[in-house]
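Undergrad: Listed in order, the protein sequences are those of chains A and B. Position 471 of the first sequence, counted from 1, bears residue number 471 in the numbering used here, the numbering being contiguous throughout. Count along the second sequence starting at 1, add 1000, and that's the number in the numbering used here.
It is worth saying that the hints were derived from the structure and are not from the lab. Check the hints yourself; a few may be wrong.
Beta-carbon label-pair distances, calculated as ranges [said to hold, decoys possible]:
{"hint": "1", "chain 1": "A", "residue 1": "ASP306", "chain 2": "B", "residue 2": "LYS1186", "range": "35 to 45 Å"}
{"hint": "2", "chain 1": "B", "residue 1": "ASN1145", "chain 2": "A", "residue 2": "HIS345", "range": "56 to 66 Å"}
{"hint": "3", "chain 1": "B", "residue 1": "THR1192", "chain 2": "A", "residue 2": "VAL405", "range": "35 to 45 Å"}
{"hint": "4", "chain 1": "A", "residue 1": "GLY395", "chain 2": "B", "residue 2": "LYS1186", "range": "45 to 55 Å"}
{"hint": "5", "chain 1": "B", "residue 1": "ALA1051", "chain 2": "A", "residue 2": "GLY338", "range": "52 to 62 Å"}
Each computed SDA-like pair below joins lysine to any residue, with the alpha-carbon atoms no more than 20 Å apart [as the list claims (entries may be wrong)]:
{"hint": "6", "chain 1": "B", "residue 1": "LYS1186", "chain 2": "A", "residue 2": "LEU372"}
{"hint": "7", "chain 1": "B", "residue 1": "LYS1186", "chain 2": "A", "residue 2": "PRO172"}
{"hint": "8", "chain 1": "A", "residue 1": "LYS118", "chain 2": "B", "residue 2": "PRO1288"}
{"hint": "9", "chain 1": "A", "residue 1": "LYS512", "chain 2": "A", "residue 2": "PRO172"}
No residue lacks a Cβ here, since even glycine has one placed at the ideal position from N, Cα and C.
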Amino acid sequence: MIQFDDVTIGYGTEPVLDRVSFTIDDGDLCLLVGATGSGKSTLLGAINGLVPHFTGASMAGDVRVDGRSTRQHPPREFADLVGFVGQNPLAGFVTDTVEDEIAYGMEQLGVEATAMRKRVEETLDLMNIADLRRRALVTLSGGQQQRVAIAAVLAAQPRVLVLDEPTSALDPTAAQDVLAAITSLVHDLGLTVVLAEHRLERVMQAADQVLWLPGDGSAVLGAASEVLGRASVVPPLAELAATLGWDEVPLSVRQARRKVAAERIVLRPAAEAVPTTPAGPTPLLRATGLTVRHGDLTAVDGINLDLHAGSVTTLMGRNGAGKSSLFWALQGAQPSTGSLQVDGHDPRRLSPARARELVGLVPQTAADLLHLHTVALECQQSDRESGEPVGTTEGLLRRLGADLVPDRHPRDLSEGQRLALVLAIQLAASPRIVLLDEPTRGLDYPMKQQLADILADLASRGHGVVVSTHDVEFAAHASQRTVILAEGDVIADGPTREVCTASPAFAPQVAKVFHPEQVLTTAEVASRRG
Amino acid sequence: MAAVTAPTHPWAWWGWALVAAATVSLTRNPLLVVLVMAAVAFVVLARRSDAPWARSVGAYFVLALVIVAIRVTMQVFFGGLREGPVLFTLPEVRLPDWAAGIRLGGPVTLSGVLFALYDGLRLAAIIICVGAANALANPRRALKNVPAALHELSVAVVIALSVAPQLVESLHRVRRARRLRGGAAKGWRAVTAVLVPVMEDAVERSMQLAASMESRGFGRTRDLGRVGPGLSLLLVGSVLLVTFGSYLLLGVPDSRLAGLACLALGVAAAVLGLRRSGRRLSTTRYRPDRWTWRETAVVAAATAALIVVLVLQGWNPAVLQPTTTPPVWPSLHPLFLPAAALVAAPVLVTERGR
């Protein structure tokens, strides 16, 4: 169905893809994996000709979909053959209501009115969004928006669906919904799907094939259990397979559980549990009855929260549960009611410059803080803002392990590098509490590992660290304490081990494999193996 | 009627509102103006949906009040009409010679105030008519129903409509984020600190939107071969004819007939040209609004009201332009009531918007 024939694509002198050839068969679900910056988006864009027609890369070789070559046809002529869904559905919406958005593609193709009416109804049912048909797109939740975006390209009845990290912004349940919808499309309609996804643990059980981009310009295509065994991108089950010496990666929790049972792997009882709140008697931050209202919506509803120095806490919960509002309120930038004390002061009553010495926040869209032309200028500006000697921020940046080119434009940095830069800028003010809002979005496994190390280091230096994330694997790995929010309330607060193993939605895969044992990571499995 | 009827065509509401505005513009009689205003307000309250644009009608009422207030205040302070019974006298200031003719303050007369009030009311009624159209017609649906020739233009406006709130949102976000860096920057630096991330965000979003539109087939059915030659010539010619015709009509005495002929020819050429250029795209429309007898009735009702007032103008022009010197109570002509009733009549054939 999709045929890459000796394809080379590059944006400058260095090719991103170098003489790549492969064929994806009709009706396959092909999972595209690779580190950040290995060319996943470029490869996906090449399937319908957005690369090079739209992005202006140089390209050699030939890409054919169902025999149609992107050399001779611009992307718009692939609209009835390839449906393309990006990371941020809202950015790709052309109209304002669900029904109109679904019809938009067909209007452009000149589909006749009665046929169009019928197809809109079919598509609404197919994606299970008929009850949303008259809703305005901006009022939908992230998961709903992503399903509408998929419906909108499906209405043109393409044979191929290309999805670029469709779940990166979604909470675990919404992501599950979207992925379930995608797999049912493969099974029920026989669509060919090419899917790029960072958190492989969610989709690899459904994949027929895995296409791995090692990052050197080549591409490796093969069966999922085989390719994942040697790919540099290591989902938890692959890590487990490596730890336990299995040569095939189990693709689902069920497979892994069966294998564990068959091999009679038993874990020793856990060693003495590590105390989660360090000995410090008084908390560094204490919020009592903290409430945030946006108009008549109560985003944070009377939360009581203590944070201690020297620990990493994860904040989890659905999209819209109030995580970001809580962070902004703790920083003092968002008006709130209730009492808030950080180290004896209320950040809401302090000047912004003093408040950031108490609480530093790395917001979800970290780029909002950057406005200068180069990394070096941003660092100098940050030293000035914090009243620190020249070179402080750069030193911090180096300590964070990001080797940055100082004259690079901040917009040209990768997600991980930009995050490191903003974190360094915030750390320059040496805040007691460091808050990170969804930093794991768009990070691959090695970068997440690096981030976990950075957070542990910050905690050991006496900062109190809180990180909000949808990534349960990251939470299990990086934090000692987990707080779960729902509708502005704290619904669970305790050691990560207990909170994350207690609920299936927030349990990491390793915990599910060894349930009812309370293990979170493969490192633990290795140390407790009998 | 049990069956759910389709929402009224947005352009029907615009037609109704503009004709109603034309009707009030013919008169300064406050009784007729207020009656028509009440009829328009009644239709809006009965037929608007609770969409954001429909809620904006309150803003138009406020604007209308402000206009009346400004008109009356101007009359009180700057005068203009100083005949009739004096209400009170303000201290007078005479401006120097180079501004001769302008007097501030002085006697304020009942006739002057009434004149200003009638004038302001008429303007306020026109504003309310426009506000009514805005509240009743979904602006996006209105744009969707433009001739095919203007398709790209309407797409651009629709996108601008959705990008504007996004820009506001990102402006708000970036401003809030500035506090996280201490918010120390001043002057030009503070401006760039907000503008640069907002603009970068906007450019990035536009690129994503463009990629999405491109991969969903935008512009795919464009085929200039279907248009035929001489289209540009036709369109330019039509604009020239319309301009020349208007000039003849308004500027040159005794050439009304020639002017009208030019104008009609120009409009015909424009319609033909737009139809032809619409052919280069063969996109289709999903559930287009239909123009049924209801829509015709909506516009016809307002037109009938206009005709009633025009007839009245022929018969008895004085009743439409009541005198304020001396200040007398304006007379209520029996034909005012059917005129206002006709403006309100569309409630009978339409349904509340969704």
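Undergrad: Against this structure, judge whether each hint is valid.
TA: Hint check:
1. A:ASP306 to B:LYS1186: 35 to 45 Å: Once the Cβ atoms are compared, 37 Å apart, the range 35 to 45 Å for LYS1186 of chain B and ASP306 of chain A holds.
2. B:ASN1145 to A:HIS345: 56 to 66 Å: Because 59 Å falls inside the window, the suggested range holds.
3. B:THR1192 to A:VAL405: 35 to 45 Å: violated (22 Å)
4. A:GLY395 to B:LYS1186: 45 to 55 Å: Given a distance of about 27 Å, which is not inside 45 to 55 Å, the answer is violated.
5. B:ALA1051 to A:GLY338: 52 to 62 Å: Check failed, 36 Å falls outside 52 to 62 Å.
6. B:LYS1186 to A:LEU372: holds (15 Å)
7. B:LYS1186 to A:PRO172: Roughly 42 Å between the alpha carbons, so the hint for LYS1186 of chain B and PRO172 of chain A is violated.
8. A:LYS118 to B:PRO1288: Holds, at roughly 15 Å.
9. A:LYS512 to A:PRO172: This hinted pair holds, its Cα atoms lying about 15 Å apart.
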